[in-house]
Every structure is written in C-alpha cells, then in structure tokens.
Amino acid sequence: MNAQRSGTVRPRRERRRDANRKKTASTARRIRRSAFSQLLAIVLLVDALGLFLAVAGWCYQRDSAYLDGETRLVNLARTVERRFSLERTDTGRRVYYVMEASGRAPAAADATSYFQMLAVLLLGAAAGEMLLLFLCDLLNRIRIRRQLRPLDALAEAAQRLSEGGGYSAAGSAGENKAAKTARPRNDDGRAEHIQSLENAIGRLSPASPGSRLHTGDASLAGLENAINGMLDRMQQAYSQQTRFVSDASHELRTPIAVIKGYADLLARWGKQDEKVLDEGIAAIRTEAERMGKLVEQLLFLARGDSGRTQLKLRRIQLAPLVSEVYEESEMIHPEHVWQFQCVDAAEADADDALLKQAVRILVDNAVKYTKPGECIRLRVLRGADGAPCIEVQDSGIGISEEDMTHVFERFFRADPARNAGTGGTGLGLAIAKWIVDRHGGHFELRSEPGAGTRITICLPKPSPTAA
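So for the sequence shown, my numbering puts the first residue at -3; every next one is plus one.
Calculated directly from the structure, the hints in this document are not laboratory data. Small disclaimer: the values here were computed from a predicted structure and weren't measured. Some hints here could point you the wrong way.
Unchecked claim - Derived DEER-like restraints, expressed as beta-carbon distance ranges:
#	residue 1	residue 2	range
1	41	64	31 to 39 Å
2	400	277	36 to 44 Å
3	265	90	19 to 27 Å
Just so it is clear, CB atoms sit at the ideal spot from N, CA and C, and this is done for glycine as well.
Work out the full structure, taking the sequences as your base and the hints as a guide.
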C-alpha cells in the first residue's frame, strides 16, 4: 500500500513541478515581451520623428526658394498654400510638391527622388535597428532566465513544504516523531506562509520600477530581501538595456545622417563637379567604416554580456606583447614621439589577444588626444604589491576630475572640445574595461587637464600553480 501511495504521489509532484516551471517560463516571456515592446516603441517613435523632420525640412527649403529667399516661418505659414500631388507620367508615377501664393504663379517641385532616397535610408536604418533589437532581446532572455531561477527553486521548495516534506529529505526518529505530533499545527502555519508569499509574488510586476515584494510576515523577511534584491538587479539590467539601445540608435543615426547629407549633395552637384563627387564618396566611405566599427564593438559587448566570449588564459610575458603594440603604433602614427620601457620582466596569466586589444584601445585614445610631435610612452612594470602592470601615458589634453569617474562607461562622451574631430564611438574604453575586468584586474587613472593622462592596467599576480 505504501508503494502504491508513493507511486501516486511522485507523478503528482512531478506534475506540480512542471506546472511551476511553466509559470516561471510564462513570467519570463511576459517580462521579455514588455521590454521588447517598449524598446520597439522607442525606435519607432524616433524613426517617425526623424522622417517628419526630414520631410518638413525639405518642404521648408522649397517654400523659401519659392518666395525668393523669404525664410521667416510666419510668412511661410500665412502666404503659401501647399499640397502633395501624385501624377502619372511616361516614366511612371511622380510625386510633386505644389506651392501656391497670392500674387505668384503656382510652382511644383519634384519630390520623387527625395522620397525614394528616404525610403532606402529608412530600410537601411530598419535593418540596423532590427539587429539591435534582436541582440537586446537575446540578452534579455538570457538574463531573465538566469534571474528567475531562484523563483523556480523557491516554488519547488514551497511545494515541498506544503506537502509536509520539510527542508530535509531524512531526519532522525525523534525528529520524525515530533514532526508527526506537531504536523496539524505546523501545516496550517506553513500553508498561511506559503499563501501569503504566493499572493505577494502574484502582485509583483518585475518590469515596472519600484516593484517590491512585501508580505507583512516577519518570518519571511529574509526571503523578501533576497527576492527584492533580485528584482532590483532585473530592473537595473532592464534600464541598462533601454539606455544601451537608445544610445546605440543615436550613434547609428549620426553616420546615417551624414551619408544622407552627402547623398543629397551628390544628387544635386555630383554629376557636374568631380571634386564634389570625390569628396562625397570619401565621406560616405568614412561614415560606413565608422558604422561598421560601431556594430563590431556592439557585437563584442553583446557577446561578452551574454557569456559567449571565453578567455583563453595562459602564462605570457608582457614585454613582448606591449613591444608589438609599440612597434605597430610607431609605424602607423609616425607623427608622434613614441617610447617603450620595460622596467620589469613581468608575467601574467592572460588571454594575449584580448589583452593586446585593450592596450591598443588605450594607445588609440592617447593618439586621439595628443598633438603631433608630443610623446606617448608605454611601460611594463610591477606595482607596489608586485602585480604585473601595463602603463600608457600621453601628454595630451587630459581629463577633468568630474569626467574621470565616467570615462569607462558605455557611450560616455566628455566635453565637446575633447571629442572634436576624434571620430570615436564612446565604446573603446568600455571594451577595455570589460577585458581587464574578466582578467580580474583593474585600472588606475591619473590625469590633469592640459598635462596629460596616465592609464595603468593592473593585472593579478600569476598563479604559482598555473602552467
């Protein structure tokens, strides 16, 4: 009879466990859908605003030309009647912008080519935005699943408690006897605790800021704090994703706007002026390369955040690695004075490819903000505690004290004078920080406006047991 009861109870427990997992999965899907919907709404709103401004600006230029250079908005609004007209011609359908003003002959401007160009730009922007949305949705899925696992375990533990199983699978004979004696009273208390917890969890909205778990039961205070901490991390991750997509969309729109501007210039003057044609092609190529670099950096950070970038650690000498970066930099940027010093033959357990990428990022930053003819120095040394360090020092414009705490944040930009003409994306130092953090190291930053900047990568001491 006991065997029959065990055979009946076990499938029931498995069914309840599966039901709990389905509820957790359903909650994760709702959170992910809510986050995706909000991000999509932001992207669509920005696209609609950009399209409206592009069309309005084009119409404003045509109105000004029609009124012989009279550009005051008040006069344009009062004196010009305007409309769009769709007409069939031998070459197909054409869109015309018709303007009529008192005392002037009506005029029509052909808007077909401009709208076609806008359509192409919108399709390109939509493709980039869909890629960003897909990456963010993938990251949200991974993070939400990871952060909801404690709730799944909590549900299983609560189910075991509700069935009288307790926290331990087995106990002493005295404990079992005491449990049997006290079961009616304890079961009621457990049921009340679990029901209170279930009701409080059911009222939660993890996607909304400020959502907190509160049961009013003092015995569940520790559990409340744990769940509220998890909710805080989820909401922080969601806020970071929202800010990340917003900043990335803004950064992608900048090169798109430049490409659009030069496309307009080429459409108007490029066929007749070879100089304008060459300048436009060069600018479009530059912005396309900048956009490609930005997408590569975004993908690197996305892979890193999702845990798909694994470090291949091995014992390496830092001097040859930094020397390679020094030789490359001296060849690529001969306009600067380069120095390399190996104060100590330091070793480290590191991924040499990723660590070299971090050093290159620091060198690139030094080049951007240091005038030609001034010195940039690379050093390999040991810190006061004997840890291996790599130092990059320039004599550039420096960093203000208030900006020093933010320079490693994603998309952070300091004052405009520091960024003028550098062509940066605001992601380089964030990537360098990710690499150094994964190595278990940290940065030391010293800078003074007008005197230069020194950034030191401090790595952990190599393990004595590592190969």
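Hint check results:
no., hint, result
1, 41 / 64: 31 to 39 Å, "holds (37 Å)"
2, 400 / 277: 36 to 44 Å, "holds (40 Å)"
3, 265 / 90: 19 to 27 Å, "holds (22 Å)"
The structure is consistent with each of the numbered hints, conforming to all of them.
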